[in-house]
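Participant: Chains B and X, in that order, are what the protein sequence lines are. Note that the first sequence covers residues 358 to 574 in this note's numbering. Note that the second sequence covers residues 358 to 574 in this note's numbering.
To be clear, the hints were calculated from the coordinates, so they are not data collected in a lab. Certain hints may be false.
Given that identical chains are not distinguished, each listed pair holds provided it fits within a single copy or across any two copies.
[Stated by the list, open to error] Calculated lysine to aspartate or glutamate pairs in the DMTMM-like style (CA-CA distance at most 25 Å, straight line):
id, residue 1, residue 2
1, 412, 372
2, 548, 409
3, 366, 562
4, 370, 427
5, 412, 427
6, 537, 427
Number of protein chains: 2
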Amino acid sequence: MSVVTIEKKVLQKNDELAQQNRLFFARNSIFVINLVSSPGSGKTSILERTLDYLKGKVKIAVIEGDVQTDLDAQRIARLGVPVVQIVTNGGCHLDANLVQNAIAKINLKNAELLVIENVGNLVCPAGYDLGEAMKVVVASTTEGDDKPLKYPAMFRNASVLIVNKIDLVPYVDCNLEQLKKNALQINPSLKVFETSCTTNAGIAEWSEWLLGKSVGP
Amino acid sequence: MSVVTIEKKVLQKNDELAQQNRLFFARNSIFVINLVSSPGSGKTSILERTLDYLKGKVKIAVIEGDVQTDLDAQRIARLGVPVVQIVTNGGCHLDANLVQNAIAKINLKNAELLVIENVGNLVCPAGYDLGEAMKVVVASTTEGDDKPLKYPAMFRNASVLIVNKIDLVPYVDCNLEQLKKNALQINPSLKVFETSCTTNAGIAEWSEWLLGKSVGP
Numbered sequence: 358m359s360v361v362t363i364e365k366k367v368l369q370k371n372d373e374l375a376q377q378n379r380l381f382f383a384r385n386s387i388f389v390i391n392l393v394s395s396p397g398s399g400k401t402s403i404l405e406r407t408l409d410y411l412k413g414k415v416k417i418a419v420i421e422g423d424v425q426t427d428l429d430a431q432r433i434a435r436l437g438v439p440v441v442q443i444v445t446n447g448g449c450h451l452d453a454n455l456v457q458n459a460i461a462k463i464n465l466k467n468a469e470l471l472v473i474e475n476v477g478n479l480v481c482p483a484g485y486d487l488g489e490a491m492k493v494v495v496a497s498t499t500e501g502d503d504k505p506l507k508y509p510a511m512f513r514n515a516s517v518l519i520v521n522k523i524d525l526v527p528y529v530d531c532n533l534e535q536l537k538k539n540a541l542q543i544n545p546s547l548k549v550f551e552t553s554c555t556t557n558a559g560i561a562e563w564s565e566w567l568l569g570k571s572v573g574p
Numbered sequence: 358m359s360v361v362t363i364e365k366k367v368l369q370k371n372d373e374l375a376q377q378n379r380l381f382f383a384r385n386s387i388f389v390i391n392l393v394s395s396p397g398s399g400k401t402s403i404l405e406r407t408l409d410y411l412k413g414k415v416k417i418a419v420i421e422g423d424v425q426t427d428l429d430a431q432r433i434a435r436l437g438v439p440v441v442q443i444v445t446n447g448g449c450h451l452d453a454n455l456v457q458n459a460i461a462k463i464n465l466k467n468a469e470l471l472v473i474e475n476v477g478n479l480v481c482p483a484g485y486d487l488g489e490a491m492k493v494v495v496a497s498t499t500e501g502d503d504k505p506l507k508y509p510a511m512f513r514n515a516s517v518l519i520v521n522k523i524d525l526v527p528y529v530d531c532n533l534e535q536l537k538k539n540a541l542q543i544n545p546s547l548k549v550f551e552t553s554c555t556t557n558a559g560i561a562e563w564s565e566w567l568l569g570k571s572v573g574p
């Protein structure tokens, strides 16, 4: 059996489990996002600000994915939100099976929104459906404006782009308009937000949009 | 045959090809570094500054690895250095076979130093030997100080850490001493440099060290 065949079988099995997860989330009316980005783009910081903004407005649970450590789950737990950590032990992405295991360990009673924070990796998580409603990709201005062109699959498979660290634009080599233009060239239907976790810019707009998706109009 | 067995066979084959590459580099007296980091940490910018500093001092060639586009190879070619681009078409890391193919396409005549810039990914390239003398990992201060703990394999397998974008420390949530402490906790033998491609800080020190490794005392 060739490597390609094995990979196809792995992805096929993943898609089956993802579909089971999707049905579970639908039955329980839980809106699920898969938060993806490079390491250090600010996924956890955005999540902290979002949880703070949405406190009392919607019931949220979090699944944290990391190659190693539970540092991110500790940060989220401090906000009083149900959270479970998946440590992949070297694995470069979450998969539907890992998420299914995590579901069994987290209190999803009454949850309306589940945020799955993926491993920091702009390549591999693009190919793995977890059963989410949508992928939300975070791109930091500090990474430069060419990343959508260089890592197109992630931007193609995402529904939302959050451009983070916009407060740093004056100090870094990144043209914000070019970054958005490059992303929309790869995926014209991307919904784009601009945020800063230092100034809180854009957090309200993004959080309100997410709230609308989670609990409807 | 299980997925694990297939993966072992893939890595075993990779190690064989890496060993061939290593012998080739040794026979031709070429010092080779494998430059790794997250997307947007500044690998290409550091390389541009290094090439500029080392101009006339050592003969350099470059292999650029990217998931998509030849934007980085274009940047390097402008500096008059022999360069070849590997586009992985979705692949999350370079491997020894891709490098072997690239060697056949690049002018290595008289080359003393070969820089292989890997795909931006802090996870997968850690496991793939390309035949290099050493891995050099770049960590940007904008990614925060916890990355060595969260992505330990890359820091464990590297010989050198370049902490880049130190000019941005005043504006970001990163304790430089903690970042270095975390990296040295994972790998106490890491040689650490601090650089900024905006102010050119640290470029001379790093380049001189690399020059020493490439052409000897």
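Participant: Does each hint fit the structure? Answer for all of them.
Facilitator: Hints and how they fare:
no.: 1; hint: 412 <-> 372; verdict: neither (33 Å within a copy, 51 Å between copies)
no.: 2; hint: 548 <-> 409; verdict: within (22 Å within a copy, 40 Å between copies)
no.: 3; hint: 366 <-> 562; verdict: neither (41 Å within a copy, 49 Å between copies)
no.: 4; hint: 370 <-> 427; verdict: neither (27 Å within a copy, 34 Å between copies)
no.: 5; hint: 412 <-> 427; verdict: within (23 Å within a copy, 45 Å between copies)
no.: 6; hint: 537 <-> 427; verdict: between (32 Å within a copy, 20 Å between copies)
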